[in-house]
Amino acid sequence: MKLLYPDTLESLQNMVAEALAEETALKIEGCGTLDGVGRPVNAQKCISMKNYTGIIDYDPAELVLVARAGTRLREVEELLASENQLLAFEPPHFNSLYEDANAQPTNQTIGGVIGAGLAGSRRISAGSARDYLLGFTAISGRAELFKSGSRVMKNVTGYDLSKLMTGSFGTLAIMDEITLKVLPAPEVAYSCIVPTSDMFAAQKIVGQIFASPVEASGGVIVPVEIAKALSLDIGEQGAAAIIRIEGIEISVLDRINQIRELLCKTQECFLLENQETTELWRALCNGKPLSKSDQIWQISTPPASGPSLFKAISDRTDISGFLDWAGGLVWIAGKSENLHDIIRTELASHGGGHATLLKADINLRQHISVFQPLPSALHALEMRVRDAFDPRHILNPNRTLPAIAS
Amino acid sequence: MGVPSPDSEILSRRDDIIAGLKSMLPDECVLDSLTSMRAYDADGLSSYRQTPLAVVLPTNVAQIASVMRWCKHNEVKIVPRGAGTSLSGGATPLADGILLSLAKFNKILDIDYENRCVVTQPGVTNLGITHAVEDAGFYYAPDPSSQIACSIGGNIAENSGGVHCLKYGLTTNNVLGVEIVTMEGEVIRIGGRHLDSGSLDLLGVLTGSEGLLGVVTEVTVRILRKPSTQRAMLVGFESALDAGKAVSDVISAGIIPAGMEMMDNPAIRAAEDFVNVGYPREAAALLIVELDGPSVEVDALLESVERIMRKAGANSVRLSQSEQERIDFWSGRKAAFPAVGRISPDYLCMDGTIPRKALPEMLVKMSSLSQQYGLRVANVFHAGDGNLHPLILFDANIEGDLERAEAFGADILRHCVALGGVLTGEHGVGIEKRDLMGEMFNETDLKQQQRLKCAFDPQHLLNPGKVFPQLHRCAELGRLHVHHGTLPHPDLPRF
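So the protein lines, in turn, are chains A and B. When we follow the numbering used here, the leftmost residue of the first sequence carries the number 1, and every step to the right adds one. When we follow the numbering used here, the leftmost residue of the second sequence carries the number 1001, and every step to the right adds one.
With the rest of the complex left out, here is chain A (with noise of 0.2 Å):
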């Protein structure tokens, strides 16, 4: 595969108008550090954005941060704690899950990070990166360079583009500069733990919390496991309920004893802070329990059916894994060669909802449908408005191919 290094936005213009002209595909990425999610590209041209980078501007006042797409999600996150703030959406490090690529630890880009919605536990309360891309400029499939969206957080103008970019893989446009919303940074984080004797209780302590005025920013349930790995002791129980508690210190501390309260005194709680708490989240949103697993799926259901979903795929094959968002999103790691049809049968019997396959070999992701196959009409759609940006299929080509749903 030819590699391509575009620095300007003329060069990289250039580059897609002439693949369009020849008819040959791209395939398009940051550094490749997610390049084991979806399903494989075969092009004979990589458009790289290993060089297309830069903070173009950054004004804290305006909560805005304008970068170019192979900016590293790094530098930006570096540059943004220096004033205190943050990306709220927590975008996941996803490095150490793909070791054996050739991903380099400070190497994900934020174009990476659009380019496949990535969010982390915070997705609960603060939202993902579809709620905080406020504008951009693209390369069409087309070759032609368009805009939507602006730097200012309240804006109607035209259709959201900026949602359909989020998420799509480089299959629509080739992302150029990309205008981010960000947030004060909270002052503190404690994180609560409970144990419980099960997932399922757990799950109950979460819902009860985040059913409440409390405002926790993130609830993750984990089987015993799970919190072993995390070493965190839990005792004989079997399972503990997470919940993370962030804002200014007077609130947290008294957050933390209305969390008590609620939990009636019956129930054990204890408390991680600051750092601590930095580290345990940074390690649930980056799956790293799962790491060394070759096949992990993240599966995206409603909170309360979180629990139930877990169990009826344990009860079918050997799996690891936990819940984060209250519930909502179910890591999943196994090893049966069947784990796809267990996974997608007992989904759509336990809630609904979409499972990605997120790491696996080349193997599997080339034989089974990496994201939720979709009902006919709904495939239909997006066939027709993936055309409406990259007609000739020169962008990613099947990156994401979603399977018609039977």
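FYI, nobody ran anything at the bench for these hints, they're computed from the structure. A hint or two may mislead.
Simulated crosslink set (DSSO-like; lysine-lysine; CA at most 30 Å straight-line) [as the list claims (entries may be wrong)]:
no.: 1; chain 1: B; residue 1: 1447; chain 2: A; residue 2: 181
no.: 2; chain 1: B; residue 1: 1245; chain 2: A; residue 2: 181
no.: 3; chain 1: B; residue 1: 1311; chain 2: B; residue 2: 1245
no.: 4; chain 1: B; residue 1: 1226; chain 2: B; residue 2: 1365
no.: 5; chain 1: A; residue 1: 181; chain 2: A; residue 2: 228
no.: 6; chain 1: B; residue 1: 1167; chain 2: A; residue 2: 181
no.: 7; chain 1: B; residue 1: 1357; chain 2: A; residue 2: 181
no.: 8; chain 1: A; residue 1: 228; chain 2: A; residue 2: 288
no.: 9; chain 1: A; residue 1: 50; chain 2: A; residue 2: 2
no.: 10; chain 1: B; residue 1: 1167; chain 2: B; residue 2: 1311
no.: 11; chain 1: A; residue 1: 50; chain 2: A; residue 2: 311
no.: 12; chain 1: A; residue 1: 311; chain 2: A; residue 2: 228
no.: 13; chain 1: A; residue 1: 288; chain 2: A; residue 2: 335
no.: 14; chain 1: B; residue 1: 1334; chain 2: B; residue 2: 1107
no.: 15; chain 1: B; residue 1: 1022; chain 2: B; residue 2: 1104
no.: 16; chain 1: B; residue 1: 1167; chain 2: B; residue 2: 1072
no.: 17; chain 1: A; residue 1: 288; chain 2: A; residue 2: 181
no.: 18; chain 1: A; residue 1: 204; chain 2: A; residue 2: 311
no.: 19; chain 1: B; residue 1: 1311; chain 2: A; residue 2: 181
no.: 20; chain 1: B; residue 1: 1447; chain 2: A; residue 2: 45
no.: 21; chain 1: B; residue 1: 1245; chain 2: B; residue 2: 1334
no.: 22; chain 1: B; residue 1: 1311; chain 2: B; residue 2: 1365
no.: 23; chain 1: A; residue 1: 181; chain 2: B; residue 2: 1226
no.: 24; chain 1: B; residue 1: 1107; chain 2: B; residue 2: 1022
no.: 25; chain 1: B; residue 1: 1365; chain 2: B; residue 2: 1167
no.: 26; chain 1: A; residue 1: 181; chain 2: B; residue 2: 1022
no.: 27; chain 1: A; residue 1: 311; chain 2: A; residue 2: 335
no.: 28; chain 1: B; residue 1: 1104; chain 2: B; residue 2: 1334
no.: 29; chain 1: B; residue 1: 1357; chain 2: B; residue 2: 1245
no.: 30; chain 1: A; residue 1: 181; chain 2: B; residue 2: 1334
no.: 31; chain 1: A; residue 1: 204; chain 2: B; residue 2: 1167
no.: 32; chain 1: B; residue 1: 1226; chain 2: A; residue 2: 204
no.: 33; chain 1: B; residue 1: 1365; chain 2: B; residue 2: 1245
The hints should help you fit chain B onto chain A, whose structure is shown.
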């Protein structure tokens, strides 16, 4: 402004079209007399009135699907309508189109406290959702000023905001799923009680698409637990510029209030005369800052906010001491539009957004434009997120006044774009701002947006004449012009 001129061929088929509609719907669901259609001839942009070809009020999804399929087959246009409160003419009827009202889709289908969401029909009002869940301590966060009347389906179409979206986001950040009927009559479900789509985010692009892509027939929204404490602060300033700067200072200090609103002197006076809640009538500008959360947090942050306000030059600060007082503080702001309606025979409500820091500059520009056009203007802002609502006062009985007011409004919006802002923050483009789209987007941008439209509705039958200044045929938009190895548009402007 205005809508495309009607197709006389369609008008000549009116009787057949009405007969066609009546073959699919019960008689009482089709209105075709002038008197029965009068209530539907305009939305909130009431200077533009047009009697539609017919009005249909279906009662179930199958009826909507057959009407859409039939209209596609017979090439008849459709304008969807929720509660008709759009301020940009999103539901302005077409003389040669059918108005499809969702008014009978007025039931909440399920309240799911375990997953903290509500499944509802689109005709339920925004406030109706909160009313249904408030006994259990929950609410639906986006709160447009028209929330007592506007429908949740209309909120999806316009991506409505409100005073609390500074902290809680707009409609798009609070919707989990929709069911839509496409122009082909297909019923498609996107999202649900879970988060995100796992494929292209069509839910995100449908939200705010102004009824041009599909008709929403069911909505799932997330609900939030009410914060334990809400307190508001009224802050008066002698200088509007100082007030504008104070808004920026609060955000810079890392504080994101639940809402941060600003009113200028004409708006303060009009509101105070209307509701009498003790707004400082002499102040040049008034800020209402609301904080919510645990009481210790609210008290601590209010202290910081007060310090920032005083430093920025505030000369009066009042803190709500009771829930009633908090509601009173808001009552003037929430009644600002009708209050201004009392001091002027007519007013135009504009809606643009600018970067927060440009607020002082915008205020200066606005007063010079006001002098230039000889029209008064009263300002209410969602200052925290830079969203402006200038109310331009005029008298429609004076010849040329409406046109002058519209030109004044267009100048304000142009200046919003020049300052790095946008044409509309929450009211939508509709017909009102359609012809200004070129101020913000170039031809390539607009064509790309229209190609998306073509993926949903290649014949431009659904709500045509809204949003886009010029309609291109989809076949023409789909054409590619490529020469070997050369750019399709070598002269493309860079921005």
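Here is how each hint holds up against the structure:
Taken as a hint, the residue 1447 of chain B and residue 181 of chain A pair is honoured in the structure, with Cα atoms around 26 Å apart against an allowance of 30 Å. The suggested pairing of residue 1245 of chain B with residue 181 of chain A holds, with an alpha-carbon distance near 20 Å, which does not exceed 30 Å. At most 30 Å may separate the alpha-carbon atoms for a hinted pair to count; residue 1311 of chain B and residue 1245 of chain B meet this at roughly 11 Å. Distance check on the hinted pair: residue 1226 of chain B and residue 1365 of chain B sit about 39 Å apart at the alpha-carbon level, beyond 30 Å; violated.
Proximity of residue 181 of chain A to residue 228 of chain A is assessed by CA-CA distance (about 36 Å); at most 30 Å being required, the pair is judged violated. A threshold of 30 Å between alpha carbons decides the hint, and for residue 1167 of chain B with residue 181 of chain A the separation of about 13 Å falls inside it, so the pair holds. Note on residue 1357 of chain B and residue 181 of chain A: the hinted pairing holds, with a Cα-Cα distance of about 15 Å set against a maximum of 30 Å. With a C-alpha separation of about 13 Å, the suggested pair residue 228 of chain A and residue 288 of chain A falls inside the 30 Å cut-off, and the hint holds.
Pair hint residue 50 of chain A plus residue 2 of chain A holds up; C-alpha atoms about 15 Å apart against a cutoff of 30 Å. With a CA separation close to 24 Å, the supplied pair residue 1167 of chain B and residue 1311 of chain B stays within the 30 Å bound. Using a Cα cut-off of 30 Å, the hinted pair residue 50 of chain A and residue 311 of chain A is violated, with the two alpha carbons roughly 42 Å apart. Taking the CA atoms of residue 311 of chain A and residue 228 of chain A, the gap is about 19 Å. The hint holds against a cut of 30 Å.
Simply put, residue 288 of chain A and residue 335 of chain A have alpha-carbon atoms about 17 Å apart, close enough for the 30 Å limit, and the pair holds. Annotation: proposed proximity of residue 1334 of chain B to residue 1107 of chain B holds, straight-line Cα distance about 27 Å (limit 30 Å). At most 30 Å may separate the alpha-carbon atoms for a hinted pair to count; residue 1022 of chain B and residue 1104 of chain B meet this at roughly 17 Å. Under the criterion of a C-alpha separation no larger than 30 Å, the hint pairing residue 1167 of chain B with residue 1072 of chain B is inconsistent with the structure, at around 42 Å.
Taking the CA atoms of residue 288 of chain A and residue 181 of chain A, the gap is near 27 Å; set against the 30 Å cutoff, the hint holds. For the hint linking residue 204 of chain A to residue 311 of chain A, the alpha-carbon distance of about 15 Å falls within 30 Å, and the restraint holds. For the proposed pair residue 1311 of chain B and residue 181 of chain A, the alpha carbon gap of about 27 Å is at most 30 Å, so the pair holds. Of the supplied pair hints, the one linking residue 1447 of chain B and residue 45 of chain A holds, its CA atoms being roughly 28 Å apart against a limit of 30 Å.
Distance restraint check for residue 1245 of chain B and residue 1334 of chain B: the Cα-Cα separation of roughly 23 Å lies within the 30 Å cut-off, and the hinted pair is therefore satisfied. Annotation: proposed proximity of residue 1311 of chain B to residue 1365 of chain B holds, straight-line Cα distance about 25 Å (limit 30 Å). For the given pair, residue 181 of chain A sits about 25 Å from residue 1226 of chain B by alpha-carbon distance, which is consistent with the 30 Å threshold. Proposed proximity of residue 1107 of chain B and residue 1022 of chain B is supported: the alpha carbons are some 24 Å apart, at most 30 Å.
Restraint check for residue 1365 of chain B and residue 1167 of chain B: satisfied, since their Cα atoms lie roughly 29 Å apart, inside the 30 Å limit. At most 30 Å may separate the alpha-carbon atoms for a hinted pair to count; residue 181 of chain A and residue 1022 of chain B exceed this at roughly 50 Å. Pair hint residue 311 of chain A plus residue 335 of chain A holds up; C-alpha atoms about 16 Å apart against a cutoff of 30 Å. About 28 Å separates the Cα atoms of residue 1104 of chain B and residue 1334 of chain B, which keeps this hinted pair within 30 Å; it holds.
Only pairs whose Cα atoms come within 30 Å are accepted, and residue 1357 of chain B paired with residue 1245 of chain B is accepted, the gap being roughly 7 Å. Between residue 181 of chain A and residue 1334 of chain B, the direct Cα distance comes to roughly 28 Å. Compliance with the 30 Å bound is thereby established for this hinted pair. Among the hinted pairs, residue 204 of chain A with residue 1167 of chain B is consistent with the structure: their alpha-carbon atoms are about 27 Å apart, no more than 30 Å. Proposed proximity of residue 1226 of chain B and residue 204 of chain A is supported: the alpha carbons are some 20 Å apart, at most 30 Å.
Between residue 1365 of chain B and residue 1245 of chain B, the direct Cα distance comes to roughly 16 Å. Compliance with the 30 Å bound is thereby established for this hinted pair.
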